[in-house]
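One letter stands for each residue in the lines below.
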Amino acid sequence: MEDLLKNDFTAYYDLSVCDEPNLTIQTNKPYFEIEDNALIKDIVLHTKIGAGMARFSNPKSATVTVAKYEKFVTSLPNSFQRSRKRCDIIVCDNGNNLILGEIKDSPNIKGHRKEAKKQLYESLITLLAVPQFIELTNLKTIKRCCYFNKQPISPTGITATTAFNRLPEIFKDGFKMNFPAIEENNFEYWEYSGNQTLTL
Amino acid sequence: MKESIHIKNLGPIKDIFIDDIKPLTVLIGESGSGKSTLMKVVALFRWLYKMHNIHSYLKTSNVSKSLFNFNINAYFKNCGFEEYLKNDTEIIYTVEFSDNRKYTLHFVQNELTGTSDKNLIETQDLCYNKISFISETRNIIPLWSERGASLSGGYLGFYFHEVYNDFDLASENIKDLDINYLNLKLSVEKEQSIKKYYIQDPDKEYKLTLKNSSSGTQNAIPVSLIAEHFSKYFDFEEAFNRTLLNFLSKTDSLRDFKPVKNLGEIKKKLFIHIEEPELSLYPDAQCELINDLISKCFVSNKNTIDLMFSTHSPYIINHLNLLIKAHDCNKLIDGAKIEFEKIAVYLVEEGEIEDLVAKNQRIINTNALSDTINNIYDKYNQLDKDGRLIEE
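Which chain is which? The protein sequence lines are A and B, in order. Following our numbering, the numbering of the first sequence begins with 1 at its first residue and continues without gaps. Following our numbering, the numbering of the second sequence begins with 1001 at its first residue and continues without gaps.
Just chain A, same shape as in the assembly (with noise of 0.2 Å):
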C-alpha cells in the first residue's frame, strides 16, 4: 500500500514521488481501534478498548495495512491538495477486505455525516483513477468506505445518553447504508458508530 502511494499514485498524477516517512502501520492483532489523534495529528492504533474511534476485529489475525491516507494527500504540493477532499485512513489485509474510512470524535453524527460522505466519495475516485489501485480492488471482494463515529462518554448516573445509544449495543456490526455513488464504484458504504466494530 505504501509503495501503491508513494511511487503509483503520485505517477499517475505526475507528482514528485512521495518522500513521507512513516504513511503506514502494520498489525496482525487480533482486536485493535484506530484514532485519528488531533494534538500529534497523526493516526495511532490502539489494543486497549475505548482508547481508539474506529474498532476493528481480525479474528484470523490477518497482516494489516493502515495507510495514513490525509496524511499522504497532505503531503503532497498544494496545487494537488486545493479543493481535493481526502479521507483518514485505508485499510487492508493480506485477505479480501479494502477499506477507506473517515473518522470522527464527536457527538455530532448528523453534523458530520454529510462531510464524511463527501471524503470517502472524493478519495474513492482520486484513488479509483490509479491503475494500480483498481488490480488491488480486482483482488478485493470487501470493499468499504466507512464513517466510524466514537460515541462520547455519559456523565456517571445518566442513563439518557445510553438509553439513546442503545442501538449499536444491539447490532455490533454496524449499518450498510444506501450511497448510490459509492455503489456504482462496487464499493459499499457503512456506518459505524460508539462500540460498532468492523471485522476483517
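Hint data in this document are derived by calculation from the structure and do not stem from the laboratory. Misleading hints may appear alongside valid ones.
[Claimed, not checked] With a straight-line cut-off of 16 Å between C-alpha atoms, the simulated EDC-like cross-links for lysine to aspartate or glutamate are:
no., chain 1, residue 1, chain 2, residue 2
1, B, Lys-1359, A, Glu-188
2, B, Lys-1190, B, Glu-1205
3, B, Lys-1022, B, Glu-1339
4, B, Lys-1190, B, Asp-1176
5, A, Lys-110, B, Glu-1350
6, A, Lys-114, B, Asp-1015
7, A, Lys-118, B, Glu-1172
8, B, Lys-1359, A, Glu-183
9, B, Lys-1102, B, Glu-1003
10, A, Lys-114, B, Glu-1350
11, B, Lys-1379, A, Asp-105
12, B, Lys-1102, B, Asp-1019
13, A, Lys-110, B, Glu-1354
14, B, Lys-1014, B, Glu-1349
15, A, Lys-114, B, Glu-1352
16, A, Lys-114, B, Glu-1349
[As the list claims (entries may be wrong)] Negatives, chain B to chain A, calculated, CB over 12 Å:
no., residue
17, Asp-1019
18, Trp-1047
19, Tyr-1075
20, Phe-1081
21, Leu-1169
22, Phe-1236
23, Ala-1239
24, Lys-1250
25, Ser-1300
26, Thr-1372
[Stated by the list, open to error] Here are the in silico distance ranges between beta carbons for each label pair:
no., chain 1, residue 1, chain 2, residue 2, range
27, A, Ser-79, B, Glu-1122, 54 to 64 Å
28, B, Asp-1386, A, Gln-81, 38 to 48 Å
29, A, Asn-28, B, Ile-1376, 33 to 43 Å
30, B, Lys-1232, A, Asn-178, 33 to 43 Å
Because the structure is a prediction, the values reported are computed rather than measured. All C-beta atoms, glycine included, are put in the ideal place defined by N, C-alpha and C.
Since chain A is already given, all that's left is putting chain B on it; use the hints.
Structure of chain B alone, referenced to chain A:
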C-alpha cells in the same frame, strides 16, 4: 405500481430524489429543512396524477370535450410555494407499471407537461386515488367546528380546509371512536343540525367539548378520526361517481359517456400525508399514536393506504424499529406491525435527504437521532463546577 419523485431547487429543497416511494414513508429533520415542502409536492403531484387518471378515463369513455385545464400556478399558490419557485425549479413525478409502462408529470420552466391528451393513461393502468393532507393547522378544527359555521367567507388556508373537510366527512360516518392511546373516547353528537365533538374518559367521569381538551388531544383526534374513516369507511364508489357526475354535468357530456371500465375494475388507493402526528404529545403517547396509525393504515384497514408523515420525534423513528421486529416475529404491538420492505425513513437536511434504512439489518439507523442528547452531555462534561469550559 412504483412512484418516484425528483425535486430540484424549490424553496428549501436543493435536490431530492426518491426512486421508489414506499407505502410508509417517514421524514425527519429540523424545522425549515424541507420536510413539509417535500410532502406537499408529493401530495400535489399525486393529486395531479389522480386528476389525469380521471381525465384519461373520461377521454377513453367517449367524452371528447375538453375537461381539465391544469393551472399549476394556482396549485402552487395553494401550497404556499409562490415564494419558493425559482427559474430552475424542476419537479418530475413518475408512476411506473410492469413492462416499463411509465407516466411522467414534469414541471420545468414554469410549465407542467404530461397531462395532455397525448399522454393519456392506458386503460389497464387507470386508478382512482384519494389524497388526504392532515396539516399541522388541524388544532384549529375544534374551534372552527364550533365557530366557523357562523363565519361566512372565513378562510384559513387551503390545507386547513382540506383537513377540515376530511374531518367533517369522517365524523359523518363515525360517531364514537375509542382513542386508546389517550385513554379517551370521542363522541360526535348533532345538536340543532350542528355537530358537537365531545371527549369522555372510559369511566364517563367527565365529558368535555373537544375545544376544551388538552392541546395533545386536539391535535391527535383529527389524525385518528380521519385515519379510521379512510381505513374502514371511505366509499370509493360514491366519491368516484360524485367526481364523474360533477365533470360530466359541467361539460354537458353525460350523454356521450360510455364507460371504458367499471369502477370495480379500476385500482384504488388512499394516500394520507400527515404533518407531525405527534404534536403536543408526551413521548409514550407519540409511540402509541403511531401504533394506532399503523394499525389503521396497514393492519386493520379495508382500503389500501399509503402513509407519509413528517416528524421531529426520534422516539417515533426508534419505535418503528420495534414495529418492524414485531412484523418479523408475527406479533402485534397494540395492534400494529410494519413490514420492513414497506418502510422508508429519510433524514431531510439542508434541502437533501439521507436514507436511514440500513441495508444489512432490518432496521432504521437511528444513531444520528441521538446527537441532541449526546451533545447535551458532551457540553455537560466540558463544564467544570465553576461553570468554566474545560479545555480538551
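Hints and how they fare:
The suggested pairing of Lys-1359 (chain B) with Glu-188 (chain A) holds, with an alpha-carbon distance near 10 Å, which does not exceed 16 Å. For a cut-off of 16 Å, the pair hint linking Lys-1190 (chain B) to Glu-1205 (chain B) is broken: about 21 Å separates their Cα positions. Only pairs whose Cα atoms come within 16 Å are accepted, and Lys-1022 (chain B) paired with Glu-1339 (chain B) is accepted, the gap being roughly 11 Å. Simply put, Lys-1190 (chain B) and Asp-1176 (chain B) have alpha-carbon atoms about 12 Å apart, close enough for the 16 Å limit, and the pair holds.
Between the alpha carbons of Lys-110 (chain A) and Glu-1350 (chain B) the distance comes to roughly 11 Å, so the proposed pair stays at or under 16 Å and holds. The suggested pairing of Lys-114 (chain A) with Asp-1015 (chain B) holds, with an alpha-carbon distance near 14 Å, which does not exceed 16 Å. Restraint check for Lys-118 (chain A) and Glu-1172 (chain B): the C-alpha separation of about 53 Å exceeds 16 Å, so the hint is violated. A threshold of 16 Å between alpha carbons decides the hint, and for Lys-1359 (chain B) with Glu-183 (chain A) the separation of about 12 Å falls inside it, so the pair holds.
Between Lys-1102 (chain B) and Glu-1003 (chain B) the CA atoms are separated by roughly 10 Å; this keeps the pair inside 16 Å, and the hint holds. Taking the CA atoms of Lys-114 (chain A) and Glu-1350 (chain B), the gap is near 10 Å; set against the 16 Å cutoff, the hint holds. Between Lys-1379 (chain B) and Asp-105 (chain A) the alpha-carbon distance is near 14 Å, which keeps this suggested pair within the 16 Å criterion. Restraint check for Lys-1102 (chain B) and Asp-1019 (chain B): the C-alpha separation of about 13 Å stays at or below 16 Å, so the hint holds.
Simply put, Lys-110 (chain A) and Glu-1354 (chain B) have alpha-carbon atoms about 10 Å apart, close enough for the 16 Å limit, and the pair holds. Using a Cα cut-off of 16 Å, the hinted pair Lys-1014 (chain B) and Glu-1349 (chain B) holds, with the two alpha carbons roughly 10 Å apart. Between Lys-114 (chain A) and Glu-1352 (chain B), the direct Cα distance comes to roughly 10 Å. Compliance with the 16 Å bound is thereby established for this hinted pair. In summary, the hint linking Lys-114 (chain A) to Glu-1349 (chain B) is supported, as the alpha carbons are separated by about 9 Å, within the 16 Å threshold.
Not every CB of chain A lies more than 12 Å from the CB of Asp-1019 (chain B), the least distance being 9 Å, so the non-interface label is violated. Listed as outside the interface, Trp-1047 (chain B) is consistent with that label: its C-beta sits roughly 28 Å from the nearest C-beta of chain A, beyond the 12 Å cut-off. With a minimum CB-CB distance of about 31 Å to chain A, Tyr-1075 (chain B) clears the 12 Å threshold, and the non-interface call stands. With a cut of 12 Å on Cβ distances, Phe-1081 (chain B) stays outside the contact zone with chain A, its closest approach being about 26 Å.
Every CB of chain A is more than 12 Å from the CB of Leu-1169 (chain B) (nearest about 38 Å), matching its label as outside the interface. No beta-carbon of chain A comes within 12 Å of the beta-carbon of Phe-1236 (chain B); the shortest separation is about 35 Å. For Ala-1239 (chain B), the shortest C-beta to C-beta distance to chain A comes to about 37 Å, beyond the 12 Å cut-off, and the non-interface label holds. Listed as a non-interface residue, Lys-1250 (chain B) keeps its Cβ farther than 12 Å from every Cβ of chain A; the least gap is roughly 46 Å.
Interface exclusion of Ser-1300 (chain B) from chain A stands, the closest Cβ pair being 29 Å apart, more than 12 Å. Taking the minimum C-beta to C-beta distance to chain A, about 8 Å, the non-interface status of Thr-1372 (chain B) is violated against the 12 Å cut. Distance hint for Ser-79 (chain A) and Glu-1122 (chain B): a CB-CB separation of about 57 Å, consistent with the stated range 54 to 64 Å. Remark: the range hint 38 to 48 Å for Asp-1386 (chain B) to Gln-81 (chain A) is upheld by a beta-carbon distance near 43 Å.
Here the CB-CB span from Asn-28 (chain A) to Ile-1376 (chain B) is close to 41 Å, well matched to the stated 33 to 43 Å. Remark: the range hint 33 to 43 Å for Lys-1232 (chain B) to Asn-178 (chain A) is upheld by a beta-carbon distance near 35 Å.
Violated hints, in rising order: 2, 7, 17, 26; the structure is consistent with all others.
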